[in-house]
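Trainee: Going down the list, the protein sequences come from chains A and B.
Per the working numbering: the first sequence = residues 1 to 566.
Per the working numbering: the second sequence = residues 567 to 1002.
No lab work stands behind these hints: they were computed from the structure.
Everything numeric in this text was worked out from a predicted model, so none of it was measured.
A virtual CB, placed ideally from N, CA and C, is assigned to each residue, including glycine.
Mixed in with the good hints there might be a few duds.
As the list claims (entries may be wrong) - Quick look at which bits of chain A chain B covers, simulated, 3 or more residues with Cβ under 8 angstroms:
(1) 144-154
(2) 182-196
(3) 555-562
Unchecked claim - Here are the in silico distance ranges between beta carbons for each label pair:
(4) R112(A) / T954(B): 18 to 26 angstroms
(5) D490(A) / P742(B): 54 to 62 angstroms
(6) R948(B) / N353(A): 32 to 40 angstroms
(7) V673(B) / R112(A): 19 to 27 angstroms
(8) L951(B) / N153(A): 14 to 22 angstroms
(9) H24(A) / H596(B): 34 to 42 angstroms
To be verified - Cβ-to-Cβ under 10 angstroms is the rule here; a few derived chain B residues that face chain A:
(10) P898
(11) T912
(12) F926
(13) L943
(14) F944
(15) L961
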Amino acid sequence: MTLVLLIPLFLLVAAGLVLVGPSHSRQARARMAAYPVGAACLGAAATLYLVATTGPITVRFYDLSSVASFTIPIGFYVDRLSAIMMTLITAVSVIIYNYSIGYMYQDRHARRYLAMICLTDFVLICMVSSSNLMMLFLFWQVLSYLLYVLAHNHGHAGTLAGAFKTFTLLRAADTAFLAGIALAYQLYGTLEFQDLFARAAETPTTLSLWPGIEMSGATAVTVLFFIGAMGKSAQFPIHLWLPGSLFAPTPVHALLHAGIINAGGFLINRLAPLFGLSSTTLHVAFVIGTLTAILGATMMLAQNDIKKTLGFSTIGQMGYMIMECGLGAFSLAVFHLIAHGLFKATVFLNCGNVIHKARQEPHFPHVERQANEEGLSRLTWSTGFVTTLFIPLLILLVTHGVLRIPLLESQGTVIFLFFIWITSSQAILTLTRLRQVASWKVSTAMLATLLFIVFVYLGAAEAFTAFLYPDPDAVAAYFRAADFPDWMFDLIIGMATVLTIASWSYLYMTAHGRAIRMPNWIEGFRIRLYLPFMNRLYADELHQLLGNTVMRLVHRLDKVEGGWSR
Amino acid sequence: MIDGALLAWLPAGIPLLGAVSSIPFWSNPHRLKISAVVWSIVSLGSIAGFSGHLMTPPEGLLPLYLLPLTAVISILGQPIHVDHRLSWIAILGFLGLGLSVLMNLPVVGAIGLLSLFTLVAVLLYRHHSVLWPMSWWGIGIYGMGALCAVGTLAPDSSLVSVASVLAGAVLLPLVPFHDGHLTALTRLPGSLPSFIVVLLPLIGLHELAPALPMIPDVAAWTVGLFALVGTFYGAVKALAQTRTRLLLAYGSLSFYSIVWWFAAATRSATPRSALLVGTVGLAMSGLLVAWQVVRTRYGDDIDPQAVSGLASGMPRYAVLLSLLALAAMGLPPFGVFAGFMGLLLTVPFPSTSGLVITLFAWLAASWYIMQMTQRLLFGLRRPELRYTDVLHAELAALLIVVLVLLALGLAPATLFAPERTVSAASSAGGSLAWNR
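Using the sequences and the hints, build the whole thing.
Mentor: Here it is as structure tokens:
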């Protein structure tokens, strides 16, 4: 069982191999280090198989009874969640590392960079396989610093400012995480995951924060942990560090967007039994996640830089993932982050090619619009109609009838399905507007693909849920914990329906030249929205302003109070 | 068989003997430095050798080990120069006096404390410059400390406890008695600041240990309040500083005030408090030695931004400074984090607002220390500057600090003293109560 330790050790060996040695053999050592990285990936896959067949692996280098004597108890707990994360991280690392060897070939700091990549992988692996909160926090913190190191460049002022912002914002979120750990220990007397969950479930506590203001212990602890997760997963309004770190080398982004940013989702999943005890925290997660998903996606649409576009796309996706957690669909969040991680790593590693191609072909990727656009055909409309109205019904029937998901008892699933409806409608709307649905062949192919993707996704997600959380009662309990008050549930469903139908109506009417009675200020507002979203809602400027104001106050205080000069 | 009481005299006597025996090398700075380092190592060895026979104070044996270690680091980290001879001898002298206080030697301990206050005040009176002018407040505070040291000899136990807490407040800086700490760290000559930043706070904690359970509730509450004010004040002032030594002085004040807050709440000074005090001091000492490296090359009190780009010109220095900065801002796996977490986990929070202020101070350290490091290390390399990476002695000093801080972060807290259960005896502000 202790062979599982070889996985992080392989990565450490790779880092050492790159870092130590004469400079003339630098390239050869860099290539040689790819083998231990690959070995770590194979080890992770083997561990996943082992854990799936024989159960969790626990390796502790401390005595549980005297855990208080060690501030940082080092131990490993590899269950299915950890094993999946380890496999994802190492698989992505293999690709990124091999890509980086060529990408950084002539860079002066390639050696440091490659070693840092291996070290970051090592830290990520240790983090996801931690046996207790303290060790997890140790690697969580180290990761914050490594992110700073990877995102910065000695001589470039913009990069330095971005790296500093990354570090400080992550530290702010980490402070909440630290407070959560301290509070959890004070309330439950342990930081061991399984013991912590058991004690939290057995002994419900109430905190009196202020006379008259009370909060359940589980809520206080999970809210603090959630803020910690918000930092790493770039949730609004702590998302500012992600666009700020976009100066880093492209492979760093691939690793960041495929691995590091998933830390928030991992943390929530690791502590799912604790989060399941607090409906309040899950609702907060839902609100923050939804807000981040909407803002991230909207800002993405208004960016004119490929890296920024991808960066905001990640923010939106992370918002989506946190929203899933807020709905109690923890396993779905993991499924999502795996899919997103693989997709985004590929896109980032390829974005250089897109830029290169765009430089060679001035019209790429723009397509010249036809001078006289034809009206939307009946076929186009039927496709859109089928997609937006009949497919959701089909999905509901399959979900309820075939997959046996109790929709009536699971608000989270219903909201999630409605969200799928909105997003797929939005995709179809885009295609319709672009006149891409022009023939029966295209329509059929599109509908078949959509159905295939949706059903495969649903089936895979259901199978994945059964794999990650084998106890269906626990899954149902998480969904129940995330239930909203009825009025809010109805409001969300109603809004989703109105939004989808209104979008279609608007498109139909504008396509047929019908006048839509829209007040001028709404029309003007719609246009004016573009600028703030292109400027990322001026959040960076606000952050700067806030920082400057605080520093002005600090300096004023410093002047008023003589201090050292007395 | 040597008597245990006699053994306690030995570690305190060795550095004093070393100070006296090093004087003949006054004309040869190179030999003087070697002699001072050797005597400090012998002192450390004697403590390690006799630790089994020494009486364990309430705050544990860690301070006894840290003092000679810091002496070694401080002396090693300073280049050989005739101007530094006084500080090397003074470090040995202070080490002897400090150990005599920590060993609880009868009469000599009290005299040692009085001598420490007096000597620091005299040195502050003698050493000032245009950049760092005379600070009567600082000297006055140490004068007050000397009076308190005399007060600890009084027959009345209540007077002794008040005098001990006041003396502790001067040594382990507590607002409003923190001016001495700021003055000492900015004006003492040579490598003394990097030693003093560990020595005085550890002695202060030692003075507090027996006095805290004796003071009345209202006094403990007031101390807790001052501690919170100091935590916030130190962090805010550090944020405003551009002069490195001041930044470190205010930063350490903020961290030491956190110890005061927990100490006032539990009415005790535990080994975990000593761990935080010792590691904060050691990290600040390391940063002062690192700053000494810059001062040696580019002059005293230089603006860090004026020597930017050290990361490419002095890579070994850059790595060590970065690690020290991480340790000083309380990041794991270094000792400062271990001490801080040790207190957070083992002591019930006296108040929610206090916890928030404490965490703010921990967070603020990331800003001011990281900013200082970034200004020094990063940015464009300046062609007009000559970059010389750390010399062997400097490298050894900085490396020792990093490794010790790392070891203290990973070692069990019970290594230097058995763990005791503590409980909050009083609270300062709105209580964070929970009902099971």
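Trainee: Would you mind marking each hint as holding or not holding in the structure?
Mentor: Checked hints:
no.: 1; hint: 144-154; result: holds (count 3)
no.: 2; hint: 182-196; result: holds (count 4)
no.: 3; hint: 555-562; result: holds (count 4)
no.: 4; hint: R112(A) / T954(B): 18 to 26 angstroms; result: holds (21 angstroms)
no.: 5; hint: D490(A) / P742(B): 54 to 62 angstroms; result: holds (60 angstroms)
no.: 6; hint: R948(B) / N353(A): 32 to 40 angstroms; result: holds (38 angstroms)
no.: 7; hint: V673(B) / R112(A): 19 to 27 angstroms; result: violated (57 angstroms)
no.: 8; hint: L951(B) / N153(A): 14 to 22 angstroms; result: holds (20 angstroms)
no.: 9; hint: H24(A) / H596(B): 34 to 42 angstroms; result: holds (38 angstroms)
no.: 10; hint: P898; result: holds (4 angstroms)
no.: 11; hint: T912; result: holds (7 angstroms)
no.: 12; hint: F926; result: holds (8 angstroms)
no.: 13; hint: L943; result: holds (8 angstroms)
no.: 14; hint: F944; result: holds (5 angstroms)
no.: 15; hint: L961; result: violated (17 angstroms)
Comparing the model with each numbered hint stated earlier shows that hints 7, 15 do not hold.
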